[in-house]
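Here is what each chain is made of, one letter per residue.
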Amino acid sequence: MADNNPFPGENNTGHIWDDNLRELDNPAPRWWMIAFWASILWVIGYAILYPMIPGLSGYTKGIMGWTQMGEYKEGLDEVQMVRAEFETKLQGMTAKEILADEGLSSYTVASAKVLFGDNCAACHGSNGQGGPGYPVLADDNWIYGGAVETIEQSITNGRMGIMPAQANLLTDEELDKLAAAVMSGNPAAEPLFMEKACFACHGPDGKGMQALGSANLTDAIWRFNEADQLASVKQTIKHGVNDTSDPLTREAVMPKFGDRLSKDEIKKLAVYVYKFGGGQ
Amino acid sequence: MSVNPQSKHDAVVDELYAEAGHWKINTGEEKIHAKRIPGKWRIWKWLASLVWLPFFLVPYLRWDDRQAILFDIPNRQFHLLGVTILPQDFWMLSLLLLFFAILLAVVTALAGRVWCGFFCFQTVWTDIFTWFEEKLEGSPQKRKKLDQGPLTFTKVRVKATKHLIWIVISALTGISFVAWFMDAYQLWADLVSFNLGITAVVTILLFIGGTYGLAGYLREQTCFWLCPYARIQGVMVDNTTAVPTYDFHRGEPRGRVKKGSSEAQRTTGDCVDCNQCVAVCPTGVDIRHGQQEGCITCALCIDACDAVMEKLDRPKGLIRYESLDVLNGKEERPLLKRPRVWVYSLVLLLSVIGIGYGMATLDAIEIKVIHSRQPLYVLQSDGSIQNKYTIKVLNKLTEDLQVTISAPDIEGLVLVGAEDPVTARKGMVTPRTLFVRIPRDKLKVESQPLVFYAETTDSSGKRLSSKRESVFIGPK
Ligand code: SF4
Ligand code: SF4
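Top line first, the protein sequences correspond to chains A and B. Letter by letter, the first sequence follows residues 1 to 280 of my numbering. Letter by letter, the second sequence follows residues 1 to 476 of my numbering.
Partner residues are not named here, just some residues of chain A that face chain B (Cβ under 8 Å, in silico):
hint: 1; residue: Ser106
hint: 2; residue: Asn127
hint: 3; residue: Asp219
Read the hints as simulated data drawn from the structure, not as lab findings. Since this is a predicted model, take the numbers as computed values, not measurements. Beta carbons: idealized from backbone N, C-alpha and C, even for Gly.
Using the sequences and the hints, build the whole thing.
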């Protein structure tokens with residue numbers, strides 16, 4: 001190898017590829033050595049300024065007092081600063097006023113997403129699509145009313161539906177008849193609807209009363225929506241809703257958030273929920 | 001006898017070998033000072049260098065009241081004459097890059113490193129730098145002598161002038177580059193009043209350092225060791241590629257012409273071993289060793305060799321553009337029979353069509369429709385099905401627009417939330433949430449296409465519109 005080295009006298013190792021790519025055995029260039037020592041100095045400087053060397057019971061803190069947590073908090077403060085402008089504006093406004101302002105309501109929707117996820121999504125689904133036994137928030141059916149103020153109230157004070165169990169008051173035949181009437185979408189046509197005083201809560205036309213939270217029986221939406229809808233209706237009539245005397249009763253409780261969330265948070269949530277389906 | 005052909009021949013021979021000993025093949029340890037000679041390819045090289053002129057001049061062109069071509073990074077806009085391209089349209093840029101990548105491939109496959117030899121900024125700037133070097137310091141021999149000679153006043157003056165010119169060119173390069181990214185006239189105004197922003201200053205300084213170092217000092221070493229394209233293009237060259245080639249069949253055995261000898265008695269090949277091809281080579285390559293990675297295919301050695309052949313009355317073209325196949329007696333494969341030509345041309349065509357389509361369909365407003373996925377649909381109390389959409393209105397103009405959103409006339413369709421027009425802010429995307437309701441009995445399929453339209457008029461009364469297809473989803 002050495003005797004036919006095509007590049008004699010240049011200190012190569014004799015490893016040559018592609019005619020002229022060769023490995024040289026030269027000392028590292030000056031600039032490289034300078035960079036090398038400079039980077040070592042850099043490390044020392046860094047160790048003095050920043051937290052770095054681990055010990056048994058902690059680590060060196062560095063004289064700059066920098067911490068990752070501190071930097072995170074600074075970043076957070078920056079975000080808060082940006083938000084503060086909106087937040088102060090929101091404070092003096094009612095939910096209705098917020099809804100009237102396109103820019104502010106999009107800010108509210110964006111910033112309430114986490115609130116909704118933490119407090120509401122477990123029952124109502126992450127986008128208000130509801131869940132088995134829990135009402136859909138994205139539709140236009142509002143048992144207690146869909147005005148944004150009413151939604152605010154529902155969140156603050158919670159809701160608890162009441163329907164007495166009818167199991168002992170109806171014969172099987174009557175139950176079948178009533179259930180069929182409810183399924184038909186026009187329960188008021190069935191004389192039993194009057195006789196059994198269903199109208200007292202659901203209204204003489206069967207459209208429900210928002211003040212009581214009684215369901216509208218004439219629309220396309222079922223509060224307790226199940227695959228076998230007829231069986232579901234029968235179950236509700238028989239055992240009622242939140243009737244403590246009946247162990248098979250349906251549960252329909254919206255907890256009260258007034259003591260868990262601030263007024264502003266609830267206001268934001270109301271706007272957020274209103275925006276799901278456009279409210280009422 | 002007025003002119004003795006023999007003595008003329010001898011004079012040519014003398015001149016030919018006078019400098020032959022000076023030319024070294026580049027192994028990197030000695031600075032290459034290439035000789036400049038006139039010739040056909042030299043002219044082509046100058047012409048090719050002209051493609052860089054627009055780099056310096058175009059930023060000063062105006063269109064309406066702004067720069068004709070401007071990459072406005074802070075505002076994320078690209079102005080091309082009257083057209084404004086926003087990041088949303090930047091897919092065209094990737095097609096443009098694809099186009100140039102394939103162009104490089106096809107040219108290299110056919111004619112070698114044309115980019116390197118004629119167009120590359122490394123080559124062009126080095127060429128300009130050495131042109132000044134030659135004007136100031138003289139021929140390569142003189143330059144070498146000057147470099148080795150003692151430090152005299154003349155040497156300092158000449159060298160200082162040269163470096164000054166180099167730095168001015170470098171600075172102009174940096175300023176011209178920055179001028180593509182900010183208003184060129186403003187740039188000069190800021191520059192002379194020392195008000196230039198830090199990013200621009202750093203960019204210009206980097207360019208000065210880079211240009212000065214690369215074109216002034218590193219030169220061919222850049223192509224040898226630094227530039228990846230050298231090797232990338234190297235692998236694109238094959239036996240059918242026409243590159244500057246030394247015809248060794250004709251040239252060998254090479255031999256010096258002897259004074260007093262006549263052409264008729266010659267036993268050697270056509271190469272007279274004058275080393276002129278090495279002399280002119282900007283990378284210090286001896287092309288007679290065959291095509292090699294140091295060769296940037298600038299064709300200057302063709303000029304050199306042709307000049308020698310002309311003087312000696314031998315046929316030109318001892319060094320010429322030729323493929324290895326042809327040199328070895330194979331027939332040249334016609335262009336249309338080379339699959340690479342077809343494949344490359346196809347890709348070129350596709351990218352041009354793509355860019356053409358993109359430019360033709362650039363709209364002043366554009367909408368995107370995002371169908372809400374969770375829930376896919378919501379049953380309403382009147383039995384209709386509601387879908388939720390977020391419409392994003394992109395306004396590429398420099399004025400705010402009132403954009404009206406509408407949906408097609410499907411029986412029973414109700415569009416909620418589009419009653420007032422969307423105020424689309426200039427140069428931005430403005431979202432709007434909409435609901436579409438369709439009675440359940442009007443829904444024939446689970447998922448049906450639904451087109452949204454956006455319409456507006458700008459301040460000059462021109463009607464602008466855009467549409468986008470989405471879907472309407474209902475229960476099974
Ligand atoms: S090798 Fe690289 S730097 Fe040199 S001419 Fe070719 S592309 Fe330019
Ligand atoms: S060998 Fe010839 S073509 Fe190649 S770089 Fe040198 S002068 Fe240019």
